[in-house]
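J.: Each protein sequence line maps, in turn, to chains A and B. Here the first sequence is numbered in my numbering, starting from 1 and rising by one per residue. Here the second sequence is numbered in my numbering, starting from 484 and rising by one per residue.
Just so you know, the hints here were simulated from the structure itself, not pulled from any lab data. Remember, it's a predicted structure, so these values are computed and weren't measured experimentally. For each residue, glycine too, the CB sits at the ideal point set by N, CA and C. Honestly, I wouldn't trust all of these hints.
[Stated by the list, open to error] Listed next, the stretches of chain B that the computed footprint assigns to chain A, with coverage defined by at least 3 CB atoms under 8 Å from CB atoms of chain A: (1) 528 to 540; (2) 652 to 664; (3) 702 to 713.
[To be verified] Computed cross-link-like contacts, DSS-like style, restricted to lysine-lysine with a CA-CA straight-line distance of at most 27 Å: (4) A:K426 to B:K671; (5) A:K368 to B:K578; (6) A:K54 to B:K578; (7) A:K419 to A:K475; (8) A:K409 to B:K578; (9) A:K264 to A:K105; (10) A:K426 to A:K450.
Take a look at the letters that make up each chain.
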Amino acid sequence: MHETNEKTYSELAREAVGNEELHAAIRMIQDRIGRGTRQLWKTEISPELRARAKAMRMRTLEHLDVVLATLAENIRKQGGHVYFARTAEDASRYCLEVARKNEVKRVVKGKSMTSAEIGVDPLLEKDGIEVVETDLGEYILQLAGEAPSHIIAPCIHMNRRQIGRLFQEKLGIPYSEDPPTLTKAARKALREKLLTADMGLTGCNLACAETGQVALVSNEGNIRMATTMPKVHVALMGMERVTSTLAEHETLLRLLTRGAAVQKISTYVSFVGGPRQPGEPDGPEEFHLVIIDNGRTDILADPRFREVLACIRCGGCLNICPVYGRIGGHAYNATYTGPIGSVVMPLLGGVNDHADLCRGETLCGACKDMCPVNNDLPRMLSELRHMLAYGDETWDVTPVDKTEAVAFKAWAAAMSSRKAYDLLVKSGRLLQAPFVRKGVLKHGVGPLGKWTADRDFPPIAKQTFAERWNTIHAKRLKEDGDA
Amino acid sequence: MSKQTATLFIQCLVDSLRPEIGDAMVHILERLGVPMHYPPEQTCCGQPAFNSGYRAEATKAARRFIDIFEDSEIIVCPSGSCVHMVRHHYPELFKDEPGMLVRARRVAARTYEFTEYLVDVLGVTDPGEELGSRFNGTVTYHDSCHLARGLGIRRQPRQLLGNIPGLTLVEMDESDRCCGFGGTFSVKYPEISTAMVDDKVKTILETGADVVSGCDVSCLMNIAGRLSRIGSPVRALHIAELLAGTGV
Ligand code: SF4
Numbered sequence: 001m002h003e004t005n006e007k008t009y010s011e012l013a014r015e016a017v018g019n020e021e022l023h024a025a026i027r028m029i030q031d032r033i034g035r036g037t038r039q040l041w042k043t044e045i046s047p048e049l050r051a052r053a054k055a056m057r058m059r060t061l062e063h064l065d066v067v068l069a070t071l072a073e074n075i076r077k078q079g080g081h082v083y084f085a086r087t088a089e090d091a092s093r094y095c096l097e098v099a100r101k102n103e104v105k106r107v108v109k110g111k112s113m114t115s116a117e118i119g120v121d122p123l124l125e126k127d128g129i130e131v132v133e134t135d136l137g138e139y140i141l142q143l144a145g146e147a148p149s150h151i152i153a154p155c156i157h158m159n160r161r162q163i164g165r166l167f168q169e170k171l172g173i174p175y176s177e178d179p180p181t182l183t184k185a186a187r188k189a190l191r192e193k194l195l196t197a198d199m200g201l202t203g204c205n206l207a208c209a210e211t212g213q214v215a216l217v218s219n220e221g222n223i224r225m226a227t228t229m230p231k232v233h234v235a236l237m238g239m240e241r242v243t244s245t246l247a248e249h250e251t252l253l254r255l256l257t258r259g260a261a262v263q264k265i266s267t268y269v270s271f272v273g274g275p276r277q278p279g280e281p282d283g284p285e286e287f288h289l290v291i292i293d294n295g296r297t298d299i300l301a302d303p304r305f306r307e308v309l310a311c312i313r314c315g316g317c318l319n320i321c322p323v324y325g326r327i328g329g330h331a332y333n334a335t336y337t338g339p340i341g342s343v344v345m346p347l348l349g350g351v352n353d354h355a356d357l358c359r360g361e362t363l364c365g366a367c368k369d370m371c372p373v374n375n376d377l378p379r380m381l382s383e384l385r386h387m388l389a390y391g392d393e394t395w396d397v398t399p400v401d402k403t404e405a406v407a408f409k410a411w412a413a414a415m416s417s418r419k420a421y422d423l424l425v426k427s428g429r430l431l432q433a434p435f436v437r438k439g440v441l442k443h444g445v446g447p448l449g450k451w452t453a454d455r456d457f458p459p460i461a462k463q464t465f466a467e468r469w470n471t472i473h474a475k476r477l478k479e480d481g482d483a
Numbered sequence: 484m485s486k487q488t489a490t491l492f493i494q495c496l497v498d499s500l501r502p503e504i505g506d507a508m509v510h511i512l513e514r515l516g517v518p519m520h521y522p523p524e525q526t527c528c529g530q531p532a533f534n535s536g537y538r539a540e541a542t543k544a545a546r547r548f549i550d551i552f553e554d555s556e557i558i559v560c561p562s563g564s565c566v567h568m569v570r571h572h573y574p575e576l577f578k579d580e581p582g583m584l585v586r587a588r589r590v591a592a593r594t595y596e597f598t599e600y601l602v603d604v605l606g607v608t609d610p611g612e613e614l615g616s617r618f619n620g621t622v623t624y625h626d627s628c629h630l631a632r633g634l635g636i637r638r639q640p641r642q643l644l645g646n647i648p649g650l651t652l653v654e655m656d657e658s659d660r661c662c663g664f665g666g667t668f669s670v671k672y673p674e675i676s677t678a679m680v681d682d683k684v685k686t687i688l689e690t691g692a693d694v695v696s697g698c699d700v701s702c703l704m705n706i707a708g709r710l711s712r713i714g715s716p717v718r719a720l721h722i723a724e725l726l727a728g729t730g731v
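Isolated chain A, as found in the complex (with noise of 0.2 Å):
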């Protein structure tokens, strides 16, 4: 998977805060298209429909095996392929074979995440293939030689003078940072690339098992050119990303726009499903449809974490997450960012590997109140932290903090009865003494150290709360009571 930096998340998360810029990038959005899709929850888009969503999408899971069959079923009427992928290496190795087969020089991408999740471009790439991505934005990285940091705005976080440099540089036009300028030239080489393009390789959306198709949506038109033009068509899709109906399948679409950029409907939806029919003007010789496992039927099988799957990616709880908001997507090192990142990346690939995402969110909820279908995530991060505390065998977990396993242990038996919780505020109030300065803790001791880094802690108190009621507040009360 995506994950290519060695350093850890606090210290990607430290660069990161210290970035104004990304910052700013990332608040803009949050304004934006985070207060917009929250309106809309709030005026067009009712919570029943939210929750009927939700209600429609466990349906499917529930039964997927037989809901993905029927989608195989149907591709394949369609003189489509249809591949089942167990692991990552399986869906990567198959679009090789696919690529070669066809004598393939030049893919083009557009619309996947889920390709960096298999890890299939270097694969590609060391067969001496060409891998262009036609998304603007993920040209963008491709160019730079970055990863996404955003589900749907993947490279927020730079700005147009980058943007500018980079385009000096890799395309060799003078430097311009206007916009349209910017945007033209990489339409010209994208152009090219689509032009002369073999295989076209992207995501999915959503795919619907009822008329056997896959949906794309996409605001740039890229996604068009990418699957119609070139002579094999790759869609790659988690196994997940599938809906029983065309009625559930229409309900999620108009959730995934608003819920990604507060569109009703995004400018380009297209829906494939096959080869070109005879008669018709466009369309791929060959259209091969891949759908990965790689660790979802696990999930699937966990009802604390089955919900997960309902998840259209629609990159709404990112939009409102105050955490992201402030690290952006580059310090989760990983593949899918943001909340939704924090609970299927650990489930996806390794919870011990992914303990910071688990830990380093605030159980807010914000994230739950964006989510178009209604995904409990800190209840899902709530379920991780558990795990790690204590391990899990059928996750292969192992605890993570042999400190705080001891810490909560002594917590536990101080808070056990009062006698001990009041002997852990005297001793509080014995070693803070040094520290205290004009009613605040500068430096606290222990794991306080590093929240007075920025931040005064108050004093314990020269009283508790129970000391005061016992000399005071119960005295006066009974006197009262008496007079």
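Could you slot chain B with the ligand onto chain A? The hints should help.
T.: Relative to chain A, chain B with the ligand alone:
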């Protein structure tokens, strides 16, 4: 007197760090003529352990809490997140233990957050008249996550603050954006937490308010900690302190 006895659930942070908030709550209830009971054995509801994943430890605390509080008529707490813990997570912790589940649900149904209790149970509408509250200044209100999203309590505190004579309530931008406390989150990832509280502080300062108020001491402690570190004169006061007039 027909009022139910209010059993005080004073969360550990109020108990040890800001007991004045507990005092304020007692004074308010006293003025309303509510009989009070304080179980001296209480310690912590278990929330810190639960949120960090240590459910066995949290369950221990929960069991103890239920033992101590289950005979109460009504339980009142000056902290939204603790009420959220009792109301939503206790039943979850005991879902496989039928006997305990019944007890957990009973306690959950009787536990109220302080402003919710004042407005929805006691029907307080005019703090000036009913509680003798007064405050000269401008106040902005921070919606704590568990209180606002978890319990849906947004209206009650505003209703109370808005009716304190002399007090001007000004809304901050995105009042329900998390302040970055998150319990052990702020200890484990202080760099992110500080950045988040800075966002919060910015929106507070933009209102020009003299005071930021809220119903959770943990958020207030986080916000106050940052305000004080950057040398801001804006104070963070619990709503009980404003209602009781002790924060003036
Ligand atoms: S979890 Fe919900 S909000 Fe986040 S990407 Fe998935 S569907 Fe969108």
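J.: Decide, hint by hint, whether the structure agrees.
T.: Going down the list of hints, with the structure as the test:
Check result for the region 528 to 540 of chain B against chain A: holds, 11 residues qualifying (beta carbon to beta carbon below 8 Å, three or more required). Remark: the region 652 to 664 of chain B is confirmed as covered by chain A, as 5 of its residues place a Cβ nearer than 8 Å to a Cβ of that chain, reaching the required three. Using a Cβ-Cβ cut-off of 8 Å, 7 residues of the region 702 to 713 of chain B lie near chain A, which meets the minimum of three, so the contact claim holds. About 25 Å separates the Cα atoms of K426 (chain A) and K671 (chain B), which keeps this hinted pair within 27 Å; it holds.
With a C-alpha separation of about 22 Å, the suggested pairing of K368 (chain A) with K578 (chain B) holds against the 27 Å cut-off. Distance restraint check for K54 (chain A) and K578 (chain B): the Cα-Cα separation of roughly 24 Å lies within the 27 Å cut-off, and the hinted pair is therefore satisfied. Proposed proximity of K419 (chain A) and K475 (chain A) is supported: the alpha carbons are some 22 Å apart, at most 27 Å. A distance of roughly 23 Å separates the Cα atoms of K409 (chain A) and K578 (chain B); the hinted pair therefore holds under the 27 Å criterion.
For the proposed pair K264 (chain A) and K105 (chain A), the alpha carbon gap of about 38 Å is over 27 Å, so the pair is violated. Under the criterion of a C-alpha separation no larger than 27 Å, the hint pairing K426 (chain A) with K450 (chain A) is consistent with the structure, at around 23 Å.
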